[in-house]
Amino acid sequence: MTAGPPYTIVLGVIGADCHSVGNKILDAFFTDAGFRVVNLGVMVSRDEFIDAAIESDARAILVSSLYGHGEIDCAGLRERCIERGLDSVLLYAGGNLVVGKRPFAEIEAKFKAMGFDRVFPPSVDLHAAAALLRADIEEAVHART
Amino acid sequence: MTAGPPYTIVLGVIGADCHSVGNKILDAFFTDAGFRVVNLGVMVSRDEFIDAAIESDARAILVSSLYGHGEIDCAGLRERCIERGLDSVLLYAGGNLVVGKRPFAEIEAKFKAMGFDRVFPPSVDLHAAAALLRADIEEAVHART
Amino acid sequence: MSSTPLDWKEMQAEREKVLQEWPTGKDVHLEEAIAYHRGLPAEKSFPLAMRKAQAGKLLLLQPRAGVPLIDEHIKLLKYLETEGGADVLPTTIDAYTRQNRYAEAARGIELSLAERHALLNGFPAVNHGVEGCRKVVESVGRPLQVRHGTPDARLLAEITLAAGFTSFEGGGISYNIPYAKDVPLEKSIRNWQYVDRLVGFYEEQGVAINREPFGPLTGTLVPPCIGNAIGIIEGLLALEQGVKSLTLGYGQGGNLVQDLAAMHALRAQAAEYFHEAGFADFHLTLVFHQWMGGFPEDEAKAFSVIALGAAVAALAKAEKIIVKTPYEAMGIPTKEANAQGLRATRQIVTMLQDQAITTDHEAMRRESGLIRSEVKCLLDAVYRAGEGDWARGVVRAFADGLLDVPFAPSIYNRGKVLPMRDNEGFIRVFRKGALPFSAEIQEYHRARLEERARAERRPVSFQMVTDDIYAISKGRLIGRPR
Amino acid sequence: MSSTPLDWKEMQAEREKVLQEWPTGKDVHLEEAIAYHRGLPAEKSFPLAMRKAQAGKLLLLQPRAGVPLIDEHIKLLKYLETEGGADVLPTTIDAYTRQNRYAEAARGIELSLAERHALLNGFPAVNHGVEGCRKVVESVGRPLQVRHGTPDARLLAEITLAAGFTSFEGGGISYNIPYAKDVPLEKSIRNWQYVDRLVGFYEEQGVAINREPFGPLTGTLVPPCIGNAIGIIEGLLALEQGVKSLTLGYGQGGNLVQDLAAMHALRAQAAEYFHEAGFADFHLTLVFHQWMGGFPEDEAKAFSVIALGAAVAALAKAEKIIVKTPYEAMGIPTKEANAQGLRATRQIVTMLQDQAITTDHEAMRRESGLIRSEVKCLLDAVYRAGEGDWARGVVRAFADGLLDVPFAPSIYNRGKVLPMRDNEGFIRVFRKGALPFSAEIQEYHRARLEERARAERRPVSFQMVTDDIYAISKGRLIGRPR
Ligand code: B12
Ligand code: B12
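Residue numbers (the numbering used here), protein chains in the order written: chain A, 1 to 145; chain B, 146 to 290; chain C, 291 to 772; chain D, 773 to 1254.
By construction, these hints were calculated from the structure, which means they are not laboratory data.
A couple of the hints might just be wrong.
[Said to hold, decoys possible] Below are the PhoX-like pairs computed for lysine-lysine, each with C-alpha atoms no more than 25 Å apart in a straight line:
#, chain 1, residue 1, chain 2, residue 2
1, C, K368, B, K246
2, C, K625, B, K246
3, D, K798, C, K764
4, D, K1089, C, K764
5, C, K764, B, K246
Note that the structure is predicted; figures quoted are calculated from it, not measured.
In isolation and in its complexed conformation, chain A is listed as follows (with noise of 0.2 Å):
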C-alpha cells in the first residue's frame, strides 16, 4: 500500500458509541497502509484520545462515530486539544456523525466549523482517505519545520 514513514495515528469510537466492526476495519487497514495505529476501540471519551495522542506523539485523531450523537460527543474536542497543548494535531472525523439522514454537506460544514479538518460519509473510499491523511500529516510537517 501508501508507501512513506509510518506516522502514528489515534483511532477511536467516541462517546457511548459501541460500533465496533467498523473500528476494527480501520485498524486492520491504516496498519495496513504504512501507519503506526494506536487504536482505543470503542467508547473513548475526548480525554481519552488526547492523553493517547500526546504519549505516543500522534500526527493525527481519527474518530469515529455512528451512533448519532457525534454532534454532542465531538464538540469542544478541538479546544480541549489546544487547551492540553495539543494545537498542531489533524482531527479526522467519520461514520454516521449524526442523527438521522442529512446532506452530507451541512454535516461536513458543521463538523469542520468544529474544528475537525477533514469529515467523512460511512461510504468513504478508504484508499482515498489514507492518501489524504497522508498528504495532510505531511503538509503539517514541513509547515512545522
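Starting from the known structure of chain A, fit chains B, C and D with the ligands onto it as the hints suggest.
Then chains B, C and D with the ligands, alone, in the frame of chain A:
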C-alpha cells in the same frame, strides 16, 4: 347494492388500449350496482362510444384509459358528443389517464377542461363512484324535467 | 395458413407490400442490413448474451423502456445501463405503432415535441425508421430487444432488425389474444410466421437474432399450463421458420412452489416437444417476468413485489428477468424509478446467485408433474384439432375453447376460463370452460378450491376471482374476505 | 453471582439503591404499578400478542423507533401504528441511557429542544420517568416493548415496567458483549437476573411481561450456533428468575437454507433445554431480525434486503419480525422511511403467509443438524465450565474463549473467532479461536471454506472476512473479488 332505476350507461376502453381486466370488473360491478351496462370492451373509438350512447339512450359514458394515451384519445370527445346531438350525456373518465406518474389534481383539471364531468384515479372506490354516478344522473334527470 | 416453413422467395412480393405500408419502409435493404449486423460488436448481440448467461449461470436484468423522441429514448437507455445496471436493453414500442396506426403515432411525436412531455407510451420505431433506430443501436453498449404487443409486426420487424436490433419479442398468439380485440388468429399467426421467417433469413446469413414469445399473456392469474402450452406452440412455430435462439417466458404467479415448478416444467417440456418435432439446432433459454398483474400503488409495497419476483427468478435459475418499477401502478416510470427497479432486483439476484433451494421434494414434484400433465392435455388437443398442424390447431383450439386465456380482450378468445387461487395461493382453474383437462386434473383443482372455500367459510364464487385480481395491489396474495 | 433464583425480599435493599440512581426512580411504586397494569386493556399486552401470533400463525411486525422528546415520540409511534401498520411497538432507548449516563441524556433532551431536531438516538426513558413513559403507553393502541442495549438495565426496567411497558428486550450476555467495552459479565448477568426477577415478580402478581434476549449480537456474520447458544442460556437464566413469556431472537444471515435451518434448530433445541432444566410453564416464541449488518446506502437496494429478510421470516414461521428501513445505512430513519420499511415487509409477509416451503429435505436437515451439534458443543462446554451453573459457566466460558462473539467491543470477549461465508453464502467459522467444536465440525467448516477458496482462486484469508463484512452493503452476499 344501490337501489334505484336501472339507468343505462355505456362502458369501454378508448383508443388502441387493450387493457381488458378492469373493463370486465367494471362491467360486473356496475351491473351488480343496478345499472344497465352496454359494454363496448377495449379499443373503442370516440364515435363507437357515441353511437352506442345514442342507440341505447344512455345517461352516461364511462371511458377507461389505462395505457397512457388517454390525453390524446379523449380530446374532442365532448365536442363530438355535442356535434352529434348528445348534449346532456354525462362523461366519466378513469384509469391511468396520462403517460407517467403525475399529480392526480393536474390530471383531473386537464380532463375536466376537456369536458369530462368526473375523473377517477385507478385506486377509486367503485362503490363511491357508483353512488356519484347515480346522483349525477338523477340530478341531470331532474334538471331536464 | 399452415404450419410449414415459408418460402423465402415467395415471400418477397409480400415483403415489398409490407415495406410500403409507411414511407420509412423503403429504407430497409436486407443485404446492407446483414452487413451492418456483421459490423456490430459482439457485446450488442442478444443471442450471444443469452448464451453467456446460460453458460455462466447469470440472470440478465432487463427493464421495459420507451419514450417517443429518439434523443430522450437514448438518454433513457443510457441511464438504465449506467445507473440501473441493466444487462440487456429494451425498446418498448408505443401502442399506436402496435396497432399499425402510424399516423396517430406521428401525431403523438409532434404533440410530445410541442408539449415537452411524452404523450406516447413507447418508442414509435416505424415512424423513426431504420436511421432513427440505428441512432439508438449505436448509442448504447448493450444488446437491444424490441418489446411491444403487435399482432402484425411485419413492418416493425423489418425496420428494427435492419437497424441492428438483435432480439424481437412476441408471437402470433401471445401478441394477439392479450393485445388485440378483433384480429383473427389466422392472420396474426401468419404474420408472425413472416417475422420468424425473416429472423430465419438473418440466421441463414449468419446473423443471430433472438426471439421471445410473450409468456405472461394477460398477466392476470393465468394458470401456468396455459402460458406454458402457448409458449411451447409459439416456440415450435418459430423454430419451423428457422429461428435458432429462443427464449420462452413465464410470468410470476405469486406462489413460490408453483412458480419454481412451472419454470422447471417449462424448460424440460419445451425441450422435449422441440426435440420430438425434430429440431436440434436451437438454443433455449427462459425469461421470468416479475408480477404482471395489478401492482400496489405504494412504492414500498411495490418494491417488495419486485423483490419477491427477483428472488423466484434467481432461485428458478432463469436466464433473464424483466423488471418492474415502483411506479408500476401509477404510470410509465421515470428513468430514476426504472433504475430503482433494476437496482432492487440486482440486490436480490446477487444475494441469491450462489444459493440453491432444492426442488427435489414432494410438493415441487407434484406441482411440476401436474403442470406437465395439464400442458400435455392442452397440446394433445391442439395437435388433434389441427390434425398434426400446430398453426391450424391453434386457430381451431381457440375457436373451440380448448385454448382460452383468462381476461383476454380478443373476440377470438372464448373467455370462459376463470382462474382462482387455492388456499395456499396456487393459481387453479375455477371455471375451466372447454379446456381439455382430464377428469383427474379437474378433480384436483376442484378439491383445492373447495379447501379454500372451507377455510374462508364462503362458497367458491366469482367474487373470489375479483378479490384475487385485486389482492396483490391491496398487499396480499389471496383475495380473502377481511 | 450464580445461577439461582434471587430472593425477592433480599432484593429490596438493592432495589432501593437502584431507584435512587436518578431522581425519577422515586416514582416507582410496585403495588401501584401492578394495579396500573391490571387496568390496561388486553390489546396492550405483549405476552398476549405473542400468544395470539403463535396460535393464529401470524407474523407480528415491529419497527425500531425512539426520539428524545415525549410528544415527538408519541407522534412517531402513532404514525408507525397507522401509516406503517406496526403490530407491536417499540421504544428504542438512546445510547447515553444505555450506559446509565443520565446527565448526558438530560443534556441531549435540552439540546434537542433548543435545536429543534433530535440529538439523541433514542428515547431517554429514565429521564422521562414513570409519568412520561405512561403518556406514551396511554397514547398508543399496541403493546409496547423497551428496546435498548443496556448492560445495567435495572433502573430502566423498574421505570418502564412500572409505566406499563409489557416487554423488555435484552440479557446479561447479549446486552453486554456487543454493547459495552468493559462491563464484567458477572456484573451484567447479575444485573439482568435482577431484571428477570423483577419480571418474575410481576408474573407472580398475575401481570404478564414478555422478555426477549437480543439474538443478533453484533449483527455481523455471527455464526448461527453462537447466537442460538447464547439465546438458550439467556432463556434459561430468565426462566430461572420467573420469566414466563420468552421470545428468542435470530438475525438474518443471508443464506436461505441456513436461516431457515437455524430458526428451526433454535425453536426445537431451546424447548428441549428448557424442558430438560425442569421448566414447563413458559411460552416460547421466535423473533427474526432483518439483516443486522451494514446495509446498502441505495434505498432501492435496501428495500430488497428488507424484503428478503421478510420472506425468510415468513417462511420460517417466526412469530415476530424486527423491521429495518430504507435509511438504515444513513441514519435514524424519519417516520416516513420507518413506515416504508414496515409496509414493504407487510407486503412480503402477507403474500407469503399462506405459503409453505418444505424444510424436509437433505440440505435443510444437514444444516439444522449441524447447527444443533455445534450448539451442543458450546453448551456442553459452558455447563462444564460452570460445573452445572449456567451463570458461572458463561463467565468462565467467555474468559476461556469457549464462547466468543465475532467483532464484539467488550474486553471480556476474546475476539478470536473470525467468521466467513462459504461458497454458497452459509456463514462458517474461519478462525475458531477456542470454540469447543468437535473435530468433525471443524473439518466440515474448513472443507466448505476451502471450496470457496478454490472457486475464487485465492487462499482463505482475512481479506475474505473484510470482503464479506462489506458484501451486502455493496449489493452482494459473498465478498468475492471482482
Ligand atoms: C396487466 C397489465 C397489462 C397486460 C394487459 C392484459 C389485458 N389485456 O388486460 C398487458 C401485459 C398485455 C399490458 C400491456 C400494455 N401495458 Co399494461 N399494465 C398492466 C397492469 C400491470 C395491470 C392492469 C390491470 O389489469 N389492473 C387490474 C384492474 C382491475 O385495474 P385497472 O385496469 O386499473 O382498472 C380499474 C381502475 O383503473 C378503475 N377504472 C378504470 N377505468 C375507469 C373508469 C371509470 C369511470 C371509473 C370510475 C373507474 C375506472 O376501475 C377498474 C376496476 O377496478 C398495469 C399497471 C398496474 N395497474 O399495476 C399496466 C399499465 C396499465 N400498462 C401500461 C402500458 C404502457 C402498457 C403497454 C403500452 C406496454 C408498455 N409500454 O409497457 C401495453 C398496452 C398495449 C395496448 N395496446 O394497450 C402502463 C400505462 C402507463 C401510463 N398510463 O402511464 C401501466 C400503468 C404500467 C406502467 N406503469 O407502465 N399491460
Ligand atoms: C451493526 C450495527 C449495530 C450493532 C453493532 C455491533 C457492534 N458492537 O459493532 C448493534 C446491533 C449492537 C448496534 C447497536 C446500535 N446501533 Co447500530 N448499526 C449497525 C449497522 C447496521 C452496521 C454498522 C457496521 O458495522 N457497518 C459496517 C462497518 C464496516 O461500517 P461502518 O461502521 O460504517 O464503518 C466504516 C465507515 O463509517 C468509515 N468510518 C467510520 N469512522 C471513520 C473515521 C474516519 C476518519 C474515516 C476516514 C472513516 C470512518 O470506515 C469504516 C470502515 O469501512 C449500522 C447501519 C449500517 N451501516 O447499515 C447501524 C447504525 C450505525 N446503528 C445505529 C444506532 C442508532 C444504534 C443504536 C443506538 C440502537 C438504535 N437506536 O437503533 C445502538 C448503539 C448503542 C451504542 N451504545 O452505541 C444508527 C446510527 C444512527 C444515526 N447516526 O443517525 C445506524 C446508522 C442505524 C440506523 N440507521 O438507525 N448497531
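Can you list which hints this structure breaks, lowest number first? Violated: hint 3 alone.
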